[in-house]
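Guided by the hints, dock chain B onto chain A, whose structure is given.
Protein chains in written order, with numbering that gives the first Met the number 0: chain A, 0 to 404; chain B, 0 to 99.
Treat the hints with care, since some could be wrong.
What the hints assert, rightly or not - Below, in silico cross-link-like pairs of lysine-lysine (DSS-like), each with a Cα-Cα straight-line distance of 27 angstroms or less: (1) Lys77(B) to Lys67(A); (2) Lys65(A) to Lys48(B); (3) Lys373(A) to Lys344(A); (4) Lys72(B) to Lys64(A); (5) Lys72(B) to Lys71(A); (6) Lys92(B) to Lys44(A); (7) Lys48(B) to Lys44(A); (8) Lys25(B) to Lys40(A); (9) Lys253(A) to Lys344(A); (10) Lys67(A) to Lys48(B); (11) Lys64(A) to Lys77(B).
Please keep in mind that the hints were generated in silico from the structure rather than gathered at the bench.
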Amino acid sequence: MSIEKTIGFLRGYVEIFADGLFTERFLNICMRREIYLWNVKRRGKHRISACISIRGFRLLRPIAKKTKTQIKIVKRHGLPFVLHRYRHRKAAFLGLFLFFAVLWYLSSHIMGISISGNSRITTEEIEQNLKSFGVYRGAPVSQIDSETVKNQLMISLDELSWVGVSIKGSRAYIEIKERLDTKLLEDSSIPCDIVADRDGTILLLEVKDGQTMVKVNQFVTEGDLLVSGLVDSEKVGMRYVHAFGEIFAQTSYKKSGEYSLDFVEKIYSGETKNRYTLTALGKRVPLFNTKKSPFEHYDKEEKITEHHSPLSFLPSVFVKKETYTEYTPKKKARTAEETLAFAEKELSALLDREIQEDTEILDKKVTWQEAGDKRLTVTVEYLCREDIARQRKIDKIEILDYDKE
Amino acid sequence: MKKRKSQEETKPTFKERMADGFDASKEMILDVPKIVFIGNREAVIENYKCITDYTETLIMLDAEPAAVRLSGKCLEIKSISREMLFVSGDIEKMEFVKGE
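Chain B with its partners taken away, still in its complex shape:
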């Protein structure tokens, strides 16, 4: 039993539980990005901090709690505004990179 408990170490935090209770946009309360994919062609990232790297094959975004790394081919930014980033192209991989 003890062992099992240690595996489930990512217990919902107080903030998360509160956000659940409020039933509001969770990403705004928690201040984390919200990422929506449409297949592997498009991705919409909301609530990000800034772009740290942008090439045709890689887009790095700074966000809390981990940076987002999108890699693929022919990536382009369809539109960019303060609230959201719309990426299109052939997306192959998405990673969360902690502590960079």
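Okay, chain A solo, but in the shape it has when bound:
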């Protein structure tokens, strides 16, 4: 449909028959009075048909009287007549209005946030930060400046090296690149010290640049200066260097926990039940009809997934899946050895997660003591050998005036 036709439809027009002996005169007067006519057709000796706008039609009566022409409406076209026909259908108008209002709301507010590229920083943390900068589900898109959000994110989250913020339709896409390693400074021209990353006893020093401040077998605590970036030499005098090297130390990791000789064994019956809850625009819709727990004894697992349609203006729907697994508890007693073995396994698993990948485990110690009433306190200690060097930028550089001497 062409623009002219669309405008014609919106403003409305009528098709008329004009009967009379002086139709030419009628046309001429219309023309003089700037009444626009179109599709003028001869329909017989004394009759012409034409199209005329609603406004023009109102001005037609005096002309018709003057030229003794009879005007007859043949057909009405356009929106004003349609609206007039449906003027009593208030609910339909309300629905139409609501439709556009909802459409406007959905297309001008953030309906979903997609965060990608983060591994160490949690999505929740980023979302919380974004919320404080005005990017949240339901926020008006027009008030978000992606450049500002980008800068604010970079300032508030230390571990970021790059952030991309783009808003497409009503969905915000946050792309994140995390800083690779905070221990090492990338630019080797920046003067820095080496400090201890953990408590430990120094085993081996491999200093490639800088003034070593500690000795082998010395105990250092976290934050201690190991290698100074300020070097004094006879030839050049004092100068700042980018201290680097590897400092291996014996470190220890400890975890302890209390374990009872009586324990409850879970015997799973194999029965599971899923319950789903939908969340959209902050409204929760549970898809189950009971408040009771499905089993007397159960393990509960929650998983939330986000679903969104390719139409980005539609809000995301979050589906929370709760899985209930039934078990029957059975009280059992175990010996101290069994308890110890169980405790060691559990605590070791926790420690394994804590230590760095390239850390070498030298020794593993398990100690325990009774804590009264059939209870044991078990401690697992790892003795490790690892690189504890961490570079720290020297912030304030004093001007060294060795040139004077």
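The following block gives chain B in isolation, referenced to the frame of chain A:
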């Protein structure tokens, strides 16, 4: 030579020369119609005075210095306004009729 000169009697008038000089819309300055044909299907007539006759086969327009007569078949006025008249149909002939 004399004979030839009498054949070229329609010398450009002062007004025409002035309009040429101005390089503006000539039909407005001279107050004559401007007629544009698209094949024989459509015609746009600008700067006419009024319609004197309108049937399916004939459209007469009053204009200066001569009336315009369009004849053909199934003629209809696509649109009509003060400035221009848009005629469509099967146009067979166009004439200038002086002094009617």
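Here is what the structure says about each hint:
Using a Cα cut-off of 27 angstroms, the hinted pair Lys77(B) and Lys67(A) holds, with the two alpha carbons roughly 24 angstroms apart. Our distance criterion of 27 angstroms between C-alpha atoms is met by Lys65(A) and Lys48(B), whose separation comes to about 20 angstroms. For the suggested pair Lys373(A) and Lys344(A), the alpha carbons sit about 20 angstroms apart, so the restraint of at most 27 angstroms is met. At most 27 angstroms may separate the alpha-carbon atoms for a hinted pair to count; Lys72(B) and Lys64(A) exceed this at roughly 31 angstroms.
Of the supplied pair hints, the one linking Lys72(B) and Lys71(A) holds, its CA atoms being roughly 26 angstroms apart against a limit of 27 angstroms. Taking the CA atoms of Lys92(B) and Lys44(A), the gap is about 22 angstroms. The hint holds against a cut of 27 angstroms. Pair hint Lys48(B) plus Lys44(A) holds up; C-alpha atoms about 23 angstroms apart against a cutoff of 27 angstroms. The straight-line distance between the Cα atoms of Lys25(B) and Lys40(A) is roughly 31 angstroms, outside the 27 angstroms bound, and the hint therefore fails.
Distance hint between Lys253(A) and Lys344(A) is fulfilled; the C-alpha atoms sit about 14 angstroms from each other, no more than 27 angstroms. As the CA atoms of Lys67(A) and Lys48(B) are separated by approximately 22 angstroms, the hinted pair is consistent with the 27 angstroms bound. A threshold of 27 angstroms between alpha carbons decides the hint, and for Lys64(A) with Lys77(B) the separation of about 25 angstroms falls inside it, so the pair holds.
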